[in-house]
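In terms of the working numbering, the sequence shown has 71 at position 71, counting the first letter as 1, and numbering is strictly consecutive.
Everything labelled a hint here was simulated from the structure, so no lab data went into it. Hints may be right or wrong, so weigh each one.
[Said to hold, decoys possible] In silico DMTMM-like links for lysine to aspartate or glutamate, alpha-carbon gap of 25 angstroms or less:
{"no.": "1", "residue 1": "254", "residue 2": "345"}
{"no.": "2", "residue 1": "99", "residue 2": "109"}
{"no.": "3", "residue 1": "199", "residue 2": "210"}
{"no.": "4", "residue 1": "99", "residue 2": "345"}
{"no.": "5", "residue 1": "206", "residue 2": "138"}
{"no.": "6", "residue 1": "206", "residue 2": "147"}
{"no.": "7", "residue 1": "264", "residue 2": "190"}
{"no.": "8", "residue 1": "324", "residue 2": "192"}
{"no.": "9", "residue 1": "264", "residue 2": "249"}
{"no.": "10", "residue 1": "267", "residue 2": "190"}
{"no.": "11", "residue 1": "273", "residue 2": "183"}
{"no.": "12", "residue 1": "150", "residue 2": "161"}
{"no.": "13", "residue 1": "360", "residue 2": "147"}
{"no.": "14", "residue 1": "150", "residue 2": "299"}
{"no.": "15", "residue 1": "73", "residue 2": "375"}
{"no.": "16", "residue 1": "199", "residue 2": "109"}
{"no.": "17", "residue 1": "254", "residue 2": "200"}
{"no.": "18", "residue 1": "254", "residue 2": "288"}
{"no.": "19", "residue 1": "264", "residue 2": "253"}
{"no.": "20", "residue 1": "95", "residue 2": "81"}
{"no.": "21", "residue 1": "207", "residue 2": "192"}
{"no.": "22", "residue 1": "273", "residue 2": "288"}
{"no.": "23", "residue 1": "199", "residue 2": "147"}
{"no.": "24", "residue 1": "73", "residue 2": "369"}
{"no.": "25", "residue 1": "99", "residue 2": "358"}
{"no.": "26", "residue 1": "131", "residue 2": "109"}
{"no.": "27", "residue 1": "307", "residue 2": "147"}
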Amino acid sequence: MSSAAYNFSASRLNSSVSLSGGYSTRTSSVRSSSVYGGSDGSVVRVSQAGRLKQGFQLNETFDNGFNVSLNEKATMQNLNERLASYLNKVHELDKANAKLERQIREWSDKKTVGKRDYSPYFATLAELRQKIKKASLENARIILNIDNAKLAAEDFRIKYENELTIRQSVESDVAGLRRVLDDLTILRSDLEIRIEGLKEELVYLKKNHEEEMATLRNNMTSSSVNVDVDAPPQQDLSRMLEEIRTQYEGIVEKNRGEMESWYKFDKVNQQVKESTQVIQTSHIEISELRRTLQALEIELQSQLSLKAALEGTLHDAESRYSLKLSQLQGMINNLQIEITQIRTDIERQDSEYRMLLDIKTRLEMEIAEYRRLLEGEESGGRGHGGPEKINQSTPLPHYHCDHHVTKNQPTMAFVFKCLMEGHVKKL
């Protein structure tokens, strides 16, 4: 159902009482109220008007005076009833205004965001943060220990593999050196045997040489005796000696060469031993350098793990504080929206309050006007022995009401009901 807008206009209350000719009296009481409403362009008019017209033309003076007195009393009673109704409505409006102000204060107190005391939670939060920090550090330490253990295990595995490789290399070198040593031992035995044979041959040659020399000496001592022997001609002794000398010199050179080879072999053995020591020293240095390299790699891995753990902790802290910041920003936005809504409601209620205050002021003015008119009627009646003419022309303010109108509802009561329910807007 679409809402209707009604225009209430209580035009004015006119009362006139006149005496003509002393015997004719006319009293006119007019009260009119109109309601204009429109929905979807239509116009509805509900009017309630009561007009009381009484005219008496009596021939007797007593009857005329009595009727005038009755009309005055009825008019005064009507005005008194309306005044009482106005006063009651004013009191009701005052009560409604006080109630509305109280509701506004209560609503403002409920909606006002007070400063909460979070101090009791600070100690708990600090303790929980400390525990979380300790747990994070403990977790990082455990992760670091695990990484260090993994790196140490990997280091030991690498060391084992390196040592195994070195051991296999040394074993192969030892096996090669043993083969070389066996070959050298065999060669040495062969050379010793050859040396012994050469020594025996030298002794044998010396013995033969001495025998031949002794034979030659004997032959030379007995060369004065001429003995003819049927024998082949003798060879040249000097040539034979030269050949023997040459042969022995060759043997000596050969033995000297073999001895030099033997001495060279000793030098080679010495060089091999020195080279083996140098190689072993180099292997030791290489092993130490490998250990140093592995230790540096382990330290590097541990530092990288520590860096990764710290970066993870930093990322978690950034995520946590970003979430808290977004939550706080959302709370701030919600509070700003609520504050804006509260301000809008306060402005609306302030405008309604001002409207009601204006209505109250106008009603008080109308009541004062009615009171003044009533006092004027009483003073006029006492001064002239009866009211000759009373004119009351008090315009009521025009209002706009968003309330549904019924035809059977009294106009003034309907106006006050609209005022009480807050549906009236001043035009």
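Consistency of the hints with the structure:
1. Under the criterion of a C-alpha separation no larger than 25 angstroms, the hint pairing residue 254 with residue 345 is inconsistent with the structure, at around 132 angstroms.
2. For the proposed pair residue 99 and residue 109, the alpha carbon gap of about 15 angstroms is at most 25 angstroms, so the pair holds.
3. For the hint pairing residue 199 with residue 210, the CA-to-CA distance comes to about 16 angstroms; that is within 25 angstroms, so the pair holds.
4. Restraint check for residue 99 and residue 345: satisfied, since their Cα atoms lie roughly 16 angstroms apart, inside the 25 angstroms limit.
5. With a C-alpha separation of about 95 angstroms, the suggested pair residue 206 and residue 138 falls outside the 25 angstroms cut-off, and the hint is violated.
6. Distance check on the hinted pair: residue 206 and residue 147 sit about 84 angstroms apart at the alpha-carbon level, beyond 25 angstroms; violated.
7. A distance of roughly 16 angstroms separates the Cα atoms of residue 264 and residue 190; the hinted pair therefore holds under the 25 angstroms criterion.
8. Distance check on the hinted pair: residue 324 and residue 192 sit about 96 angstroms apart at the alpha-carbon level, beyond 25 angstroms; violated.
9. Distance hint between residue 264 and residue 249 is fulfilled; the C-alpha atoms sit about 22 angstroms from each other, no more than 25 angstroms.
10. Restraint check: the Cα-Cα separation between residue 267 and residue 190 comes to about 18 angstroms, which is no more than 25 angstroms; the hinted pair holds.
11. A threshold of 25 angstroms between alpha carbons decides the hint, and for residue 273 with residue 183 the separation of about 16 angstroms falls inside it, so the pair holds.
12. For the suggested pair residue 150 and residue 161, the alpha carbons sit about 16 angstroms apart, so the restraint of at most 25 angstroms is met.
13. In summary, the hint linking residue 360 to residue 147 is not supported, as the alpha carbons are separated by about 84 angstroms, beyond the 25 angstroms threshold.
14. Restraint check for residue 150 and residue 299: the C-alpha separation of about 12 angstroms stays at or below 25 angstroms, so the hint holds.
15. For the suggested pair residue 73 and residue 375, the alpha carbons sit about 14 angstroms apart, so the restraint of at most 25 angstroms is met.
16. At roughly 133 angstroms between alpha-carbon atoms, residue 199 and residue 109 are farther apart than 25 angstroms, so this suggested pair is violated.
17. For the proposed pair residue 254 and residue 200, the alpha carbon gap of about 15 angstroms is at most 25 angstroms, so the pair holds.
18. Between the alpha carbons of residue 254 and residue 288 the distance comes to roughly 50 angstroms, so the proposed pair goes past 25 angstroms and is violated.
19. As the CA atoms of residue 264 and residue 253 are separated by approximately 16 angstroms, the hinted pair is consistent with the 25 angstroms bound.
20. The straight-line distance between the Cα atoms of residue 95 and residue 81 is roughly 21 angstroms, inside the 25 angstroms bound, and the hint therefore holds.
21. At most 25 angstroms may separate the alpha-carbon atoms for a hinted pair to count; residue 207 and residue 192 meet this at roughly 22 angstroms.
22. For the hint linking residue 273 to residue 288, the alpha-carbon distance of about 22 angstroms falls within 25 angstroms, and the restraint holds.
23. Pair hint residue 199 plus residue 147 does not hold up; C-alpha atoms about 74 angstroms apart against a cutoff of 25 angstroms.
24. The suggested pairing of residue 73 with residue 369 holds, with an alpha-carbon distance near 20 angstroms, which does not exceed 25 angstroms.
25. For the hint linking residue 99 to residue 358, the alpha-carbon distance of about 17 angstroms falls within 25 angstroms, and the restraint holds.
26. Taking the CA atoms of residue 131 and residue 109, the gap is near 39 angstroms; set against the 25 angstroms cutoff, the hint is violated.
27. Taken as a hint, the residue 307 and residue 147 pair is honoured in the structure, with Cα atoms around 12 angstroms apart against an allowance of 25 angstroms.
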